[in-house]
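Respectively, the protein sequence lines represent chains X and R.
Residues in the first sequence are numbered consecutively from 1046, following the numbering used here.
Residues in the second sequence are numbered consecutively from 1088, following the numbering used here.
Hints were generated in silico from the structure; no laboratory data involved.
Keep in mind it's a predicted model, so treat the numbers as computed, not measured.
The beta-carbon is built from N, C-alpha and C at its ideal position, and this holds for glycine as well.
One or more hints might be untrue.
To be verified - A few chain R residues that face chain X, going by a derived Cβ cut-off under 10 Å, partial list only:
#, residue
1, 1093
2, 1124
3, 1127
4, 1131
5, 1135
6, 1147
7, 1151
Stated by the list, open to error - Non-contacting residues of chain R with respect to chain X, defined by C-beta distances greater than 12 Å in every case (computed):
#, residue
8, 1104
9, 1107
10, 1149
11, 1152
12, 1201
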Amino acid sequence: GNSVTQMEGPVTLSEEAFLTINCTYTATGYPSLFWYVQYPGEGLQLLLKATKADDKGSNKGFEATYRKETTSFHLEKGSVQVSDSAVYFCALSGEGDGGFKTIFGAGTRLFVKA
Amino acid sequence: NAGVTQTPKFRVLKTGQSMTLLCAQDMNHEYMYWYRQDPGMGLRLIHYSVGEGTTAKGEVPDGYNVSRLKKQNFLLGLESAAPSQTSVYFCASRDGQGNYGPLHFGNGTRLTVT
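The following block holds chain R by itself, in its conformation from the complex:
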């Protein structure tokens, strides 16, 4: 089972460039999330989606946009990259049914902005 797949795995951008990170899940999960992980700061929620066509802001949404055009995909866009966006980005998903279930994570995208 593929689970949650993130592409690309690594990327280097220059300040001001744009890029899109792709997350795909094959578990038919309703909820999808984008987190960033920085040393000493744990995971911080950027944006999330509770269903196809819906998105919402998390703790640190500035400088990022997202789209959920298909249930299985959740895209994270950086319109104009800044060095402060150097981080490891994780996508996660979970089932929306019933009580509060666990998250399933991808293996991350390591982004460096120079």
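Bound-form chain X, shown alone:
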């Protein structure tokens, strides 16, 4: 079946540092890939998505590129802010499991220090 593996946290950075959170996946066919963000006490919200190979999703300064050759979808941001402190989840939805399910990675907690 489909699966998602993302780097373990927590990740602690100083403000304005460069962020990378690695995500790799296993899936049949051509899944859609997502990054979700969860702020304390809230549900997950979509950060960005990509639906086909070489697509780049972007939002709020975050970017991720759908790399089919390396089955990866790494999240990057050039300069993080304290307000980016949250838990980030990589996810995919695709043909496996009937196409109905979204599979999540375990989540990576990010702390940004002022």
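Dock chain R against chain X, hints included.
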């Protein structure tokens, strides 16, 4: 826009008690989901529904039942609560049309079973 609304926000149960969590969405989405979130384990799918009157089991269905009598509502029931069901429960929905779209989440229900 309300989006996905979960009630209640918090609940404390004693072992053996029963309760129902309600999820309502106002986006006319076909697919609805119940997840639980536990520290270090990401999100695990409990049950899901691909349309009114249909339900299916996810990864961790034991001890839970669901019903989708109306398209906009998805109920999660615990018949006899156990301490292992202490968790944060999230409802999510997505459009069933077209390719694999993003999920829309509620803000969660924090359940403690003593």
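Unmet hints by their number, sorted upward, for this structure
6 and 7
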